[in-house]
Amino acid sequence: MAIPSYATRGERIWHWVFCVLCALIFLFLIGPILVIIPLSFNAEPYFTFSEKMLSLDPEGYSLRWYQEFFTSDEWMRSIKNSIIVAVCATVLATVLGTLAALGLSSRFMPFRNTIMAILISPMIVPLIISAAAMFFFFSKLGLTQTYLGVILAHTALGIPFVVITVTATLSGFDHSLTRAAHSLGASPSRTFFRIILPLVTPGVVSGALFAFITSFDEVVVVLFIAGPAQTTIPIQMWSGIREEISPTILAVATLLVLVSILLLTTLELIRRRNERLRGLTPS
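This note's numbering applies: residue 148 is where the sequence shown begins, and numbers increase by one.
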């Protein structure tokens with residue numbers, strides 16, 4: 148951001164001090180990631196930089212931990228479980244959250260604020276409390292240590308993100324379009340798929356991505372509900388840190404960082420597309 152030509156000397160000094168503070172905070176937040184990535188290429192089985200790495204000796208770097216990740220049955224099973232659970236939970240959360248947001252967008256919906264508070268409560272209530280509650284509830288239904296139980300639990304955690312993003316998209320929705328469609332004889336389902344859904348797609352996709360990330364990275368609920376057969380990537384990393392410290396964890400963490408960057412980039416592109424659809428200039 149450029150400094151205005153009419154800014155005083157004090158304002159210019161504060162501008163640069165503010166930029167330095169922002170840079171330091173950014174470095175503090177991203178510092179652990181900057182350390183993990185090069186350590187994942189360590190040729191030695193340690194969590195520290197070896198002398199060869201510090202001297203930039205090629206022999207100090209290796210892809211052995213990435214190879215171990217892709218050739219390990221335990222890691223492959225955990226990533227398979229994470230993908231299955233995350234995809235299923237995302238689909239359910241997206242469908243249910245979108246329908247809930249459409250209902251809450253109607254001005255004829257009674258107790259809208261109360262229902263909204265209940266739907267987004269999983270984001271507010273401490274996760275350990277939600278996990279314990281889900282465990283006692285699912286144990287009564289026989290859903291603990293099952294894929295269905297983990298999927299339903301992650302669905303409950305992902306719905307708030309879909310509801311919030313779709314509701315935000317619907318805040319500027321022109322309901323006269325739906326009334327025009329009904330007056331022309333369109334059925335409610337046809338109106339939804341041909342008019343409403345294309346306009347709220349950016350919010351739906353954004354909510355789905357948030358739900359996917361929430362499910363893929365979730366640890367606490369899985370610890371309570373899942374069994375050995377439902378071990379996911381975060382749980383496998385947790386077990387690896389507790390039982391066997393291996394740099395393979397660093398390789399997995401690096402891959403997850405890359406996945407997160409791709410998803411965040413997708414979210415940014417969707418945000419820009421949504422602004423263009425609204426006639427705004429993407430910021």
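Keep in mind the hints are simulated off the structure, nothing from the lab.
Glycine residues also receive a C-beta, built at the ideal position from the N, C-alpha and C atoms.
Please note that a few of the clues may not be correct.
What the hints assert, rightly or not - DEER-style ranges, computed between Cβ atoms:
no. : residue 1 : residue 2 : range
1   : Lys199    : Arg389    : 54 to 62 angstroms
2   : Ser209    : Pro335    : 56 to 64 angstroms
3   : Glu215    : Leu411    : 56 to 64 angstroms
4   : Lys227    : Arg254    : 41 to 49 angstroms
Quick rundown of the hints versus the structure:
no., hint, result
1, Lys199 x Arg389: 54 to 62 angstroms, "violated, 29 angstroms"
2, Ser209 x Pro335: 56 to 64 angstroms, "holds, 59 angstroms"
3, Glu215 x Leu411: 56 to 64 angstroms, "violated, 28 angstroms"
4, Lys227 x Arg254: 41 to 49 angstroms, "holds, 45 angstroms"
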